[in-house]
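**Q** With the hints as constraints, model all of the structure from the sequences given.
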Amino acid sequence: MHWKQKQFATPVAAFASTLPAPPTHVELQPIDYFYAMFGQESIRLLMDQSNLYSVQKDPNKPVRVTEMKMNRFIGVLMMTGVYSFPEQRIF
Numbered sequence: 005m006h007w008k009q010k011q012f013a014t015p016v017a018a019f020a021s022t023l024p025a026p027p028t029h030v031e032l033q034p035i036d037y038f039y040a041m042f043g044q045e046s047i048r049l050l051m052d053q054s055n056l057y058s059v060q061k062d063p064n065k066p067v068r069v070t071e072m073k074m075n076r077f078i079g080v081l082m083m084t085g086v087y088s089f090p091e092q093r094i095f
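Residue numbers (our numbering): 5 to 95.
Please note: incorrect hints may appear among the correct ones.
Pairwise CB distance ranges (calculated) [what the hints assert, rightly or not]:
no., residue 1, residue 2, range
1, Y37, Q11, 18 to 28 Å
2, T22, S46, 21 to 31 Å
3, G79, V16, 41 to 51 Å
Straight line, CA to CA, 25 Å or less: simulated DMTMM-like cross-link-like pairs of lysine to aspartate or glutamate [said to hold, decoys possible]:
no., residue 1, residue 2
4, K73, E45
5, K61, E71
6, K65, D52
7, K61, E31
8, K73, D62
9, K73, D36
Everything labelled a hint here was simulated from the structure, so no lab data went into it. This one's a predicted model, so the numbers in the text were calculated from it and none came from an experiment. Here a beta-carbon is modelled for each residue, glycine too, at the ideal position from N, C-alpha and C.
**A** And the structure:
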């Protein structure tokens, strides 16, 4: 193979889309970002599996995890990963 040096011409990319353009100004709430990462289906799966595991570990004292509790738990995990404090007591 023998390489030749010549001027690079950038090809023009043709893009044909049938999707509408995204909104230019949308203010999302923190919960919108949360659900973008963890959809409702994922939250329900985590909730169901947590409840199942709880019953398997101790059928007499099952932990009842709700979607709201799972959302809060994941939120706490995210916050503790974002902010680092010297002690856990600060949380």
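**Q** Starting from the hint list further up, note which numbers the structure goes against and sort them upward.
**A** As far as the earlier hints go, 1 and 7 are violated by this structure, in ascending order.
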